[in-house]
Amino acid sequence: MRISTVIKALLAVTAVTPLLCHAESNLNTGGGSPLATTAHVDFQIAIPKFVFLRIGSGTGSATGGWAATATVDLISFAPTPTQVGTGLLNATAASGDLGNGVETAVVVANGGDVTFSSTASAGLSDGAGDNISWATILTTAAHNSTGTTLQAPALANGATTSITLTAVGKVVQQDAKWTYQYANGTIPPAGTYGGVNVNGGRVTYTASVL
Amino acid sequence: MSPGRRELDRRPRGPDVVKVVAAVSLALLAADVARAFTITLANESPKMVYLQIGVGTFTGTYCGTNCTYTPPVAQSTGSAPGINTTINQVSVSVPANAVGNGTAQAMTTDSTQSLSFFDGFARCNAPTQLYIGGFYRTPGASGNGTTATVTATVPISLTDGAGDTIPFTQISWTSGGNGATGAEPFPAGGFTGTSQVVGSIADNQWAESCWTFSYSNTVVPAAGTYTGRVLYTLSVP
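Chains as they are written, first to last, in this note's numbering: chain A, 1 to 210; chain B, 1001 to 1237.
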């Protein structure tokens, strides 16, 4: 008997609650043909503005998986005495995330055209007053996975060089494999030029959207 | 008339009631298993169709406080379906690091409707699920061969007002609900075009499901807030 009382009380609650609700319902009656009634649903998808840039070691590709990674790669050239000043030189085997001076490069953004730039120091220094110009560090872009291959802004002493990545439908989705090479056309004084964030050895790449 | 499949589609009156009943008799509960919910209604005049998506308006419940779930179920005295013009929304905000990565994103609704107006049973789980249900009732006996269908009229794309679009085909849904084990009257699917049937209700029948929407997220769209409205029409010939 006590249980029956509880059940009735609960049923009274469930029966009354719907009266407090508000939203879309419709009915129609009569002998018309066809007899119809309607309701609607609104759909909304919010897409945030973002820009993803990866040069070398990183997390994510042109299709996703994007996350911040703090690793900065080192591209190193080590000509033998007989190679110094004799022309184009490849990087060492350990250079770049893909080896031999090859870096993965990716830009994905969804806010229109992307301004893509490189900012270099006044030159690679050996700390003893000698310099190698950034103009001798060449970057060649090769196809990776996207239809448009991501080109590299040139490196220039003490300057920021920018290129525009043209968006398609306000979206830029480009990648490439960049190969760094040293022009090696002159004979510099002996020394170690640049390095891991020393002696002007670091280039900063920036991708930005308005 | 011998009971058909929908006559067997019964359910407990609600979660709290289930607990009380379970304490008294597990055997009774086992005999009252819920399935995808459809139930035969008693024929009644006038011919009527009622469709509710999201939160709706209904005076009382169709089956009433003393619902026996014995089909055909007559409309309880004093109960009445109502009209409400507020439209619910199904939405998702995609995290920046997941845009276009192919991982489907769950959508939620601003609907607070979990209870069925048939009997007050907590059928859906708002805001994860969106209630869809209604009835088609005729003056004649059931089995007259007419079936009401729900047709979705869908725009080609959601738009952000700046010329950017996301195809509606990026949105799909599963169908279920508390206690649901059988085929749903409004089954799982996805938007496939500008007009498609998304469910049906037999003559003299109440039918309901709970939809859970998701965004397939396989493209990288321009930044923006994309919106679009789908029209659902319940009609009988």
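Just so you know, these hints were derived from the structure itself, not from any lab. Heads up, a few of these hints could be off.
[As the list claims (entries may be wrong)] Taking lysine to any residue pairs in the SDA-like style, the calculated list, with each CA pair at most 25 Å apart, reads: (1) A:K49 <-> B:N1178; (2) A:K49 <-> B:S1157; (3) A:K49 <-> A:N157; (4) A:K49 <-> B:C1067.
[Stated by the list, open to error] Take a look, some chain A residues computed to stay more than 10 Å from chain B by CB distance: (5) T37; (6) H40; (7) I45; (8) A46; (9) T86; (10) A141; (11) V171; (12) P189; (13) N197.
Don't be surprised by glycine CBs; every beta carbon is placed ideally from N, CA and C.
Here is how each hint holds up against the structure:
Between K49 (chain A) and N1178 (chain B) the CA atoms are separated by roughly 38 Å; this puts the pair beyond 25 Å, and the hint is violated. At roughly 20 Å between alpha-carbon atoms, K49 (chain A) and S1157 (chain B) fall within 25 Å of each other, so this suggested pair holds. A threshold of 25 Å between alpha carbons decides the hint, and for K49 (chain A) with N157 (chain A) the separation of about 33 Å lies outside it, so the pair is violated. For a cut-off of 25 Å, the pair hint linking K49 (chain A) to C1067 (chain B) is broken: about 53 Å separates their Cα positions.
Listed as a non-interface residue, T37 (chain A) fails to keep its Cβ farther than 10 Å from every Cβ of chain B; the least gap is roughly 5 Å. Interface exclusion of H40 (chain A) from chain B breaks down, the closest Cβ pair being 5 Å apart, not more than 10 Å. Against the 10 Å criterion, I45 (chain A) falls within the reach of chain B, whose nearest CB is about 5 Å from its own CB. Not every Cβ of chain B is farther than 10 Å from the Cβ of A46 (chain A); the closest lies at roughly 4 Å, contradicting the non-interface assignment.
Listed as outside the interface, T86 (chain A) is consistent with that label: its C-beta sits roughly 45 Å from the nearest C-beta of chain B, beyond the 10 Å cut-off. Separation of A141 (chain A) from chain B is adequate, the least Cβ-Cβ distance of about 21 Å exceeding the 10 Å criterion. Not every CB of chain B is more than 10 Å from the CB of V171 (chain A) (nearest about 5 Å), against its label as outside the interface. Every beta carbon of chain B lies more than 10 Å from that of P189 (chain A), the smallest distance being close to 46 Å; the non-interface claim holds.
Under the 10 Å C-beta cut-off, the non-interface status given to N197 (chain A) relative to chain B holds; the minimum distance is some 27 Å.
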